[in-house]
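Protein chains: 2
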Amino acid sequence: MNFIDGGVTAPKGFRASGVAAGIKPGSTKRDCALVASDVPATVAGMFTKNLMKAPPVVWNGIVCASGKAQAVFINSGNANAATGERGVADVCSTADLVAEGLQAPAKEICICSTGVIGVPLPMDRIAVGVRGCLESLSKDGSSDAAAAIMTTDTVPKERALEVTLGSHVVRLGAIAKGSGMIAPDMATMICAITTDAAVAAAPLQEALRDAVEASFNRICIDNDMSTSDCVLCLANGQAGVGQIKPGSPEFAVFAEALKSLCIVMARELVKDGEGATKFVEISVSGTATDEHARTIARAVAQSQLCKTAFFGQDPNWGRIACAVGYAGVDFDPAQLTLWLGDVQLVAEGTSTGYREEDAASVMKRPEFRIRIKVGDGPGNAVFWTCDLSDKYVHINADYRS
Amino acid sequence: MNFIDGGVTAPKGFRASGVAAGIKPGSTKRDCALVASDVPATVAGMFTKNLMKAPPVVWNGIVCASGKAQAVFINSGNANAATGERGVADVCSTADLVAEGLQAPAKEICICSTGVIGVPLPMDRIAVGVRGCLESLSKDGSSDAAAAIMTTDTVPKERALEVTLGSHVVRLGAIAKGSGMIAPDMATMICAITTDAAVAAAPLQEALRDAVEASFNRICIDNDMSTSDCVLCLANGQAGVGQIKPGSPEFAVFAEALKSLCIVMARELVKDGEGATKFVEISVSGTATDEHARTIARAVAQSQLCKTAFFGQDPNWGRIACAVGYAGVDFDPAQLTLWLGDVQLVAEGTSTGYREEDAASVMKRPEFRIRIKVGDGPGNAVFWTCDLSDKYVHINADYRS
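Taken in order, these protein sequences are the chains called A and B. FYI, the numbering for the first sequence is 1 to 401, going by the numbering used here. FYI, the numbering for the second sequence is 1 to 401, going by the numbering used here.
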């Protein structure tokens, strides 16, 4: 498995584009993106569990249930969420516009919208965006598409990799956005994944679910779950390899590659978290089950007090121990062990008498790892989080107004 | 029921004091407090559910199980948490010192510690603090005690009230601290309550549990649950009224008074939340059960994105609708109704077309209410929260280091 240059257009038979259509009043940034397969593809999707699902999310669920899709159109600047009947009609109109241009059925066009909630889509601008995207579709368009889906993201996110299946090579590519309103337990943010492998819709869905569970469901920036989160994967079979059958060695390789791509993208989101200055890996072991380890890791990853301590570069392990203690998983506090980087801070539940300067030097790094062991069980899990800075507060206090 | 001047020494037969003992190196603020009853009292307590319970919390659990206590000693500047065997021994030694001075059994002395986690108590300074507190116990000492238990609190918190039971008057008083590491679902923070009513330990515990459920378990500042949270209530019977029997009209009046006192103290904590500039009441109705309403209110109260919008004075109701949607309670999004103060922002799940300036003017107030209705069910609940400001981040990034 090799990471290669490019994004969603690295796999054969995919083109993309990103244009500026003024979706957000006064904005001149790219805000409409299109990722299209030259031929009909199979599709899988993972969606927010938020009850206030935006109309595009509901629409994509219907597309994915059919298992077939040919394109993903994404706009930033407006989430088309909490927009009622009007929002539903706008999704259908957008799909019609894209479908007409691609000469494909509207029900094979996925639609994603991200941005402000509660404001109807400006359909005249959307029409401009769709037209512009259709006209500029190209093999070089992945970067433009990645740029067009950004909201508070500071860098576009695209990655691609290739993997050998027998004597053939298949490729996977992705673009993603997401910097705030990021929480686990759902497909967080928007991510469009392409592959030229041939995989039927049902096993593709299975592989995507596992990949999301190990990646986008293991990160948090703040703890808010968006109304618009979607991860979509289109497989168009243009690599010329035969259908990858579930249960085969090839499927295992493909699924692992998909998971690796999702993990890389998920980590990119956290690194670009709103106001983030630190990327922190929380690794928990010694629990009875992996699920227990995940619960503890998540509690630390979400703790405002831990995240402000990360920002302050303060090795205040008491806050970490505190979060471990309220996670809701039973363990013996006298067995708690905790490392910050390679410095062991806690053994048997109390301070090791480490040197403060050793601990402080780990926290000065832009990336570091916290390892927590709570017993001798076989369970373990990893979670990725960032710090909570004054800049996060300013971004979110000022956003929209 | 009348609120009156004073705090824990307003009820008959209680004295208090607060002195500076230098518990935190270099600090000259008051940091040791003592609240003592002239005679043995009954006692009830509510404690943190954090698994990493500090040794004083475990100790207080034992004291409360016996149902009898004569005093509460509290130090700030050090939480005596995650301190292992040494921490347990230090609690016992502290109780011995207080007990000797009061000529009471050590097992009737409650001990609370609040401050940094993971550092052993400086027992020489504690001894100085206990001695100073014993020497300065007085009927006027409640304010000193309230000041001594402050950590990042900016104002001391004490309140008292009196209530008439038949032809007699009984009084209740309280001091509390807590400004960060405040989350619901446990007795959050430290609060010492006194009353000169005569109530047996079991019904006192029942009344305290209900009062805490309706007050300290309905607030959040950040979402972190401390290792040291305690609410203790001592009833010494010195009002001269007969024993208040559970099930009697007098008990109902007493329990209601205790609840009112706890609610007032809980609101004080939120108003003094770390870096807080807004006090926000979240009121949810229309759910099947009160518990469902509480779950939704809590999701909004804890949302970082809602809290930063409060700070930014931005009537961004999309974030509120989003938090309502991920709370985990089933409802029909098309029935969502939302008021900000008296301005209705959302009807049937979408914008009412309200005037932005009306909504913005509500958010400019230091206190406002958000009312959320999700259906026609009988359930309702209230939660209190504050905003999330850059100052919160600075307080917690800089604290300890």
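FYI, nobody ran anything at the bench for these hints, they're computed from the structure. The C-beta atom is built at its ideal place from N, Cα and C for all residues, glycine as well. Possibly wrong hints are sitting among the right ones.
[Stated by the list, open to error] Per the computed footprint, the stretches of chain A lying under chain B, defined by three or more beta-carbons under 8 Å from a beta-carbon of chain B, are:
{"no.": "1", "segment": "148 to 156"}
{"no.": "2", "segment": "312 to 321"}
[What the hints assert, rightly or not] What follows is a set of in silico ranges between Cβ atoms, one per label pair, in the way DEER data are often shown:
{"no.": "3", "chain 1": "A", "residue 1": "330", "chain 2": "B", "residue 2": "252", "range": "34 to 40 Å"}
{"no.": "4", "chain 1": "B", "residue 1": "328", "chain 2": "A", "residue 2": "209", "range": "17 to 23 Å"}
{"no.": "5", "chain 1": "B", "residue 1": "357", "chain 2": "A", "residue 2": "252", "range": "55 to 61 Å"}
{"no.": "6", "chain 1": "A", "residue 1": "131", "chain 2": "B", "residue 2": "353", "range": "29 to 35 Å"}
{"no.": "7", "chain 1": "B", "residue 1": "357", "chain 2": "A", "residue 2": "124", "range": "38 to 44 Å"}
{"no.": "8", "chain 1": "B", "residue 1": "283", "chain 2": "A", "residue 2": "252", "range": "40 to 46 Å"}
{"no.": "9", "chain 1": "B", "residue 1": "328", "chain 2": "A", "residue 2": "377", "range": "24 to 30 Å"}
{"no.": "10", "chain 1": "A", "residue 1": "288", "chain 2": "B", "residue 2": "154", "range": "42 to 48 Å"}
[Claimed, not checked] Think about it this way: if two alpha-carbon atoms lie no more than 27 Å apart in a straight line, the pair counts; the simulated DSS-like pairs of lysine-lysine are:
{"no.": "11", "chain 1": "B", "residue 1": "271", "chain 2": "B", "residue 2": "259"}
{"no.": "12", "chain 1": "A", "residue 1": "391", "chain 2": "B", "residue 2": "271"}
{"no.": "13", "chain 1": "A", "residue 1": "271", "chain 2": "A", "residue 2": "24"}
{"no.": "14", "chain 1": "A", "residue 1": "391", "chain 2": "B", "residue 2": "364"}
{"no.": "15", "chain 1": "B", "residue 1": "49", "chain 2": "A", "residue 2": "24"}
{"no.": "16", "chain 1": "A", "residue 1": "364", "chain 2": "A", "residue 2": "271"}
{"no.": "17", "chain 1": "B", "residue 1": "12", "chain 2": "A", "residue 2": "364"}
{"no.": "18", "chain 1": "A", "residue 1": "68", "chain 2": "A", "residue 2": "107"}
{"no.": "19", "chain 1": "A", "residue 1": "107", "chain 2": "A", "residue 2": "139"}
{"no.": "20", "chain 1": "A", "residue 1": "49", "chain 2": "A", "residue 2": "259"}
{"no.": "21", "chain 1": "A", "residue 1": "391", "chain 2": "A", "residue 2": "24"}
{"no.": "22", "chain 1": "B", "residue 1": "391", "chain 2": "A", "residue 2": "271"}
{"no.": "23", "chain 1": "A", "residue 1": "259", "chain 2": "A", "residue 2": "271"}
{"no.": "24", "chain 1": "B", "residue 1": "259", "chain 2": "B", "residue 2": "364"}
{"no.": "25", "chain 1": "B", "residue 1": "139", "chain 2": "A", "residue 2": "391"}
{"no.": "26", "chain 1": "A", "residue 1": "245", "chain 2": "A", "residue 2": "68"}
{"no.": "27", "chain 1": "B", "residue 1": "68", "chain 2": "B", "residue 2": "271"}
{"no.": "28", "chain 1": "B", "residue 1": "107", "chain 2": "B", "residue 2": "139"}
{"no.": "29", "chain 1": "A", "residue 1": "364", "chain 2": "B", "residue 2": "391"}
{"no.": "30", "chain 1": "B", "residue 1": "271", "chain 2": "B", "residue 2": "49"}
{"no.": "31", "chain 1": "A", "residue 1": "364", "chain 2": "A", "residue 2": "245"}
Now the hints, each set against the structure:
1. 148 to 156: violated (count 0)
2. 312 to 321: Holds, because 8 residues of the segment 312 to 321 of chain A bring their Cβ atoms closer than 8 Å to Cβ atoms of chain B.
3. A/330 x B/252: 34 to 40 Å: holds, 37 Å
4. B/328 x A/209: 17 to 23 Å: holds, 20 Å
5. B/357 x A/252: 55 to 61 Å: holds, 59 Å
6. A/131 x B/353: 29 to 35 Å: holds, 30 Å
7. B/357 x A/124: 38 to 44 Å: At 27 Å between Cβs, range violated.
8. B/283 x A/252: 40 to 46 Å: Since the Cβ atoms of residue 283 of chain B and residue 252 of chain A sit about 52 Å apart, the hinted range of 40 to 46 Å is violated.
9. B/328 x A/377: 24 to 30 Å: holds, 28 Å
10. A/288 x B/154: 42 to 48 Å: The hint (42 to 48 Å, Cβ to Cβ) holds, given that residue 288 of chain A and residue 154 of chain B are roughly 43 Å apart.
11. B/271 x B/259: Status holds; Cα separation ~18 Å.
12. A/391 x B/271: Roughly 23 Å between the alpha carbons, so the hint for residue 391 of chain A and residue 271 of chain B holds.
13. A/271 x A/24: Satisfied, since the Cα-Cα distance of roughly 26 Å is no more than 27 Å.
14. A/391 x B/364: holds, 22 Å
15. B/49 x A/24: violated, 46 Å
16. A/364 x A/271: holds, 16 Å
17. B/12 x A/364: violated, 55 Å
18. A/68 x A/107: holds, 9 Å
19. A/107 x A/139: holds, 24 Å
20. A/49 x A/259: Within the cut-off at roughly 21 Å; holds.
21. A/391 x A/24: Holds, because 23 Å separates the two Cα atoms, which is no more than 27 Å.
22. B/391 x A/271: holds, 23 Å
23. A/259 x A/271: Holds: residue 259 of chain A and residue 271 of chain A sit about 18 Å apart, inside 27 Å.
24. B/259 x B/364: violated, 30 Å
25. B/139 x A/391: violated, 48 Å
26. A/245 x A/68: holds, 17 Å
27. B/68 x B/271: violated, 33 Å
28. B/107 x B/139: holds, 24 Å
29. A/364 x B/391: Holds: residue 364 of chain A and residue 391 of chain B sit about 22 Å apart, inside 27 Å.
30. B/271 x B/49: OK: residue 271 of chain B and residue 49 of chain B at ~24 Å, within 27 Å.
31. A/364 x A/245: violated, 47 Å
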